[in-house]
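*Asks:* Residue numbers (our numbering), protein chains in the order written: chain A, 1 to 346; chain B, 1 to 346; chain C, 1 to 346; chain D, 1 to 346.
Please keep in mind that the hints were generated in silico from the structure rather than gathered at the bench. Please note: incorrect hints may appear among the correct ones.
Copies of one chain are not kept apart here, so a pair can be met inside one copy or by any two copies together.
To be verified - The calculated lysine to any residue pairs, modelled on SDA-like cross-linking and capped at a C-alpha distance of 25 Å, are: (1) 44 / 208; (2) 251 / 205; (3) 88 / 116; (4) 261 / 54; (5) 126 / 190; (6) 261 / 135.
Protein chains: 4
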Amino acid sequence: MIRVGIVGATGYTGEELMRILANHPEAEVRYITSESQTGTEITKVYGHLHKYYDGVQLKSLQDLAEIAENTDVIFIGLPHGHAMAIGKQLESYDVKIIDLGGDYRFYDTAVYEKWYNVEHTHKDAKAVYGLAEWYRDRIRDAKIVGNAGCYTTASILALAPLAKAGLIDTKSIVIDAKSGMSGAGRGLKLSSHFTEMYDNFTIYGVTNHRHTPEIEQALTEFAGEDVIVNFTPHLLPISRGILSTCYADLKEGVTAEDVDKAFADCYADEHFIRLLGRGACPMVKKVRGSNFCDLGWHIDPRTGRVIVVSAIDNLVKGAAGQAVQNMNIVFGLDESCGLQQVPLYP
Amino acid sequence: MIRVGIVGATGYTGEELMRILANHPEAEVRYITSESQTGTEITKVYGHLHKYYDGVQLKSLQDLAEIAENTDVIFIGLPHGHAMAIGKQLESYDVKIIDLGGDYRFYDTAVYEKWYNVEHTHKDAKAVYGLAEWYRDRIRDAKIVGNAGCYTTASILALAPLAKAGLIDTKSIVIDAKSGMSGAGRGLKLSSHFTEMYDNFTIYGVTNHRHTPEIEQALTEFAGEDVIVNFTPHLLPISRGILSTCYADLKEGVTAEDVDKAFADCYADEHFIRLLGRGACPMVKKVRGSNFCDLGWHIDPRTGRVIVVSAIDNLVKGAAGQAVQNMNIVFGLDESCGLQQVPLYP
Amino acid sequence: MIRVGIVGATGYTGEELMRILANHPEAEVRYITSESQTGTEITKVYGHLHKYYDGVQLKSLQDLAEIAENTDVIFIGLPHGHAMAIGKQLESYDVKIIDLGGDYRFYDTAVYEKWYNVEHTHKDAKAVYGLAEWYRDRIRDAKIVGNAGCYTTASILALAPLAKAGLIDTKSIVIDAKSGMSGAGRGLKLSSHFTEMYDNFTIYGVTNHRHTPEIEQALTEFAGEDVIVNFTPHLLPISRGILSTCYADLKEGVTAEDVDKAFADCYADEHFIRLLGRGACPMVKKVRGSNFCDLGWHIDPRTGRVIVVSAIDNLVKGAAGQAVQNMNIVFGLDESCGLQQVPLYP
Amino acid sequence: MIRVGIVGATGYTGEELMRILANHPEAEVRYITSESQTGTEITKVYGHLHKYYDGVQLKSLQDLAEIAENTDVIFIGLPHGHAMAIGKQLESYDVKIIDLGGDYRFYDTAVYEKWYNVEHTHKDAKAVYGLAEWYRDRIRDAKIVGNAGCYTTASILALAPLAKAGLIDTKSIVIDAKSGMSGAGRGLKLSSHFTEMYDNFTIYGVTNHRHTPEIEQALTEFAGEDVIVNFTPHLLPISRGILSTCYADLKEGVTAEDVDKAFADCYADEHFIRLLGRGACPMVKKVRGSNFCDLGWHIDPRTGRVIVVSAIDNLVKGAAGQAVQNMNIVFGLDESCGLQQVPLYP
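Chain A extracted, bound-state conformation (with noise of 0.2 Å):
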C-alpha cells in the first residue's frame, strides 16, 4: 500500500483527495494536516467522510519529519508560495511530493515569479509538470509533480492536438473558460457568498489570470514556436465543473479531417480522455465527479476558425483525481487505478 500524507487537507482540493484514496485499491491516507483546524477529526470539517475517516485528526505541518518518514507520497493542496518551501525541506527524504498548486509548474521560475509576483525559492528543484496524459514519462521518475491546474488542463487537452499537429495559427487563439465556484474555494469572500453568486454569472481575471503562463508554455512546447494567449475565465454558479471554450484560426489548407485525425492520433487511446467528436457538445454535468475529460470541435468554413470545446469536473481531472493520476504513474500503478468513479449524472 502507498502510504498518503495530505497537506492542508481542509481545502476542498484536500476533501476530494481523501474521497478519492478513500476507496483506492493500493493507496491509504496516513496523515493530513491543517494549521487552522490541528487537533481537530476531519469528519467535523467534513461530515460526508463519516464510515470512511472517522476519528482521523488533522496534524500540523509541524509534524512534517514525521510525515516524511511515515508516507511515500505527500500531496500539498496548499496557496501558491507554500509548497516549495515545503519541497526544499523534503529533499532529503525519500518521499515523493504532488503539488496541486502552482509553484512547481513552471520550467522557468521567472515566469513563476512574474505572474504570481512572490519570489520563487526552489530554483532547482527536481520538478516535472503534472499533465498526465502529455508527459506521464517525465512524471514517471520525478520526486516533485507540479500537478497542472484547473483551468490550464481543461484548456491544454483541447488545444494540444492542433499545436503539435501544426494545424492552427499560434497566435489567434483565445480561450474563453467557465469554472464552477469550488474552484474558487473555501476561503469565505463575498464573491464566493451564496446570495451573491446564485441565479448569477460573471467574469474576472480578464487578461491577467495566472493559468495564462501555463498554458502557453504547454502550447509552446508542443507547437514548437511562441504561444501567446488570451485566456478569460467566468464563474458558473455551480459548485463543480470547467466548460473550455477554444478558439484559433486554422491553417491555410487544414481540414476538418485533418483536425479529427490529430485528436484521434493523441487521444485515441487514452481511458480519461473521451472523444466526443466533430460537432459535440460536451456537458460538465456529464464528467461531473469523475476523472474524465470530454471534448468536442467544430469547424466554422466562413471564419475558417476551429473551435475546441472540453469538460473536466475541476476537482477531479483538474485537481485531485489528476493528482492521483499521476501518483498512479509514479508508482507505477495502472493510471485509471481507483479512479474508476463513473461521473454523478443526473
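Following the hints, put chains B, C and D in place on chain A, whose structure we already have.
*Replies:* Okay, now just chains B, C and D, sitting in the frame of chain A:
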C-alpha cells in the same frame, strides 16, 4: 458474477443502477430495455456512461423471456402498474425481481388499489417489502422485492426506532419531506421545466401522496398499533436528495436518553445509517451520490415533541442504491458490496 | 415627499429598501449609513443600484442627530440589540422609526431577553408590532414600529385566521418553514458559502429559533389563549423566498367551509394577500420581488388536520416591503403605494 | 392610453410584456392570445400575475381583426415564421406591430431565408430593426419593428462603438455568449428539463446560431465594411441573463483611451446603458429584471485584443423590455417610461 437485467433503463432509476453496477465487483449488466428507444445505444441517451457501456443497446420488453433466461436478477424501473404484469409473466423463471415502483410494496393489495387507483393483477405474488435495514431477513429468500420508495425510506428510517420502542404517540406524526427534482423523473412536464423550478420551491401532493400508506404500513407494523400520518412532500430546486423532517409527540415520561437509545439500539451497527446524534442537522449534500441515510434528532421540552431529521440521496438509498443493497442480500453478498461510493461533496 | 434615512444600509434589508424606495412616488432616501463602509458610494457596494443612487455616500451613525433632524422616518437594518439604543436616543426627535430587527417586536421584553439573550434597554418604548395586515390600527399612530420578522410574517399570516376563528387546537401547531439564503444575511460564514449550500438543503435552529416567540405572541393574542408551537426553519439553496407549511388539528366539527370562510373573512379585501384557495399549492417564485403573500390550504379528513401553506419573498413582505407598507400606514398613504412590483417570474 | 395586444402571450416574452406593462402609466393590455390555451384565464397559466390580470382570458388569432381594430400596437411573441403572416394581414390596419421573433430583423430577406430555412412571405414589409439605442430614428416612424434578439442585443451593444469608430479588425471578432435557460423558452424538451440542466453548463449552436447574421448585419453597417464573426452560445443553469464576452483585434496604434472614448461617445447619455468602465466585470444578476445593459471592457497589450463584456436580462433588454422601449419610441413617449424596474438583486 450476478447477471443483471434492467427493464426501463432510460429513467433516472435505471440510469442510476447502471452507474452503481458499473463498478460492482460481483455483478454485471447484461440487458437493458426501453420501449421508446429500443435499439439505441445507451450512451446516446446518457452520455456520462461513455467508457462504461460503450456499444450497449437498449432491448425491448418483447425480449423478456430471453432476458429472464440469461440473467439472475431483473430490476424494474417502470411506472407503477407495469411491474406486476412482468412479475406474473416471470413466475416460472429462475430469476429474482427487484421492482423500484409501487406494485409490490403493500401487504394488502387493496391499499395499493385505493391509493394508486388501479387494479392489482398479481395479488398472490411472493413479494416482500424492500427496506433493507428492517426487512433483510425476509428479503434474503424473496422471489420479488418491492423496493421501498424514496420518501418512505427517508421517513421510515427516521421514525421506526421510536415506533418500535413505543416512545411516540402514533396519532401525532407529521412528516414534512422535501425532495430534489430527480424524484419527479425524466418525463417532460411544465412543473419539471428548468426555468419554472429554478430559484423556486413548492409543495404538492398534500394529504394524498402515494408514499403515505407505505409509511403507515411499516410504522404500524413496528409500533404494533395503527399509525396514521400526515405526509407532505415538497419539491426542492436541486437534482438529488431528500430531507425528511418528522414530528411526533413523545409519550409521557419519555426522556431524551430513551430516544438516543432507541436509535442506537436499531442502527449502531448499520453501515448505511450514520447517526449524527441528538441536536444534529443533516444535509442532503453530505449524502449525495451515496447509499447513506444520515439521522439527527431533537427534543423540544416546551412542546413535548421529538423532531427526527433524515437525509438520503433519493436516487441511491431512495432507489437504485437500496435496490443493489437488496440484491446483495438476496445473493448472499455483503450488503455494502459495490456501494462504497463516497458522497460527492461539495 | 417623506424624507427617509436608512441605518445599516449595506445589509440585504437595507439594499432592498433602496430598491423599493427608488421608485416610491411619495418618499425619497436622504441618508444611508454603514459603520464598516462609511464614506463609500453605495453603488460600489451594490452595483445594481447604478442610475438610481449614483454618487450617494454612506454616512456613519455618528451623524444620527443630523439624520434625525432631516428625515421623517428612519429604517433600521442592523442586527438585534442595536436598534433599541438608537430608538432611545431618538425619543425626543420628531422622526418615526421602523426597525427591521427583533428589538421592538415583543410586548413583554422579558420574552425578548430570554430568546435573544440580551438585556432590553428601552423597555418603555412606544413601539408596536409591525405586521401590517393585523396591526394597522396600532401602526398608524406609532412612534416606533417593530417590523415583523420574515418567518413570522409567513407563519402568522397563514395561521392567524384559524386562530382568530377558534378553529384549531392551539397546542397542536407545527410550522415547518423553508427560507432562501438571503435570510441568512450578507455576513460571510461557511454555511452561506456558495459551494457549501448549492445543490444542498438543510435544517437548523430546531426548537430554538428566535422567531418562535414572535409567532406565539401573535397567535396567542388572536386565539385568546396560550399558543405554543414547534417552529422549524430550513435553508433553501435559492436567493429569496419563504414557504411555510403549517399544521394544526382542527377542532371537532370544524368543516372545510369554516376554514375557507375564516380566510375570506380576514383577507378577501387585502391587497397583498392572494388567496389561492383550498387545495392550492403556493410557490415562492410566484411572489419573488413582490410584497405578496400567497396562501393555500388543505384539509385532511384522515387525520383531522388542516395544512396551511404560505409563500412570501423574505426580503420584501418579510422585511423591506412590509417596512414600506408600514411607512405608508404611518404617513397616511395607500398601503400599496410604491409597492406595485409585479413578481419576477420566471 | 396606448391600447396593447399581445399575440402569443403564454410564452416567456409574452409573460414578461404583461409584467412590464402592468405598471406602464401610458399603456394597457387589452388583448392577449394563445392558440393552445384559448379561453383560459392568464392567471391560470401564470399565477404570479394574480391581482394584475385577474379574469383576463386568452383570445385566439381568429380574433385578429377585432384585436387590430381595438389596439394601437400589437406585440408578437410567436416562433419565427408566424409574424410575417400576421404582419401581411394587418398591412391595412392602423396598428403598429412589434415582433419579438426573427421575421422582420433583416434588411435582406435572403439572409433570413438562408439562416432560418423558411421562405419569407412579406418581403416588402415596411419594417425596421428594433435595436433602440442605434436605430431610434428609424423606429420612430416604423409600422413594423423587428425587435432585436437577445444575444444580438448584448453583442451588438458591446461591439458597435468599436466598429463605428473603426478601432477593430472586423475579421477578428469572436463572441462567446452565455444565456440563462428562459432563452430556450417554455416549450418542453429534455435539454430544458430541470434535472438535466441543474448544476450543468453546456455549449450549443456552434457556428450556426441564427443570431449570427443579425449581429453581422448591424456591425457591418456600423463599420462600413463586411463583418463576419464567430458567435457561440452557451446555456447557463439560471433563469435569466446573458453575458456576452466579445474579443477583437485592435487596429495598430489604437490606445486604451481611444476605446474608452468610443464607448463614451456612443453611450454616455443612454439611460439603459451603464458604462462600468475599463477593467470592469459585469454580472448578470446586477441587471436581473431590468432593462439595463451593463458594459465593461479590457485591453490586452500582450495580444493586442480588446475584450468587451456585456450583461443584460434576456427577457427584458433582450426581449420584452426593449420591445416596450421601442413602443415608447414609436408613440413619442420617454424611452424609459414604464421601464424603471430596479434590478432584483440579490
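*Asks:* Does the structure break any of the earlier hints, and which numbers would those be?
*Replies:* 5
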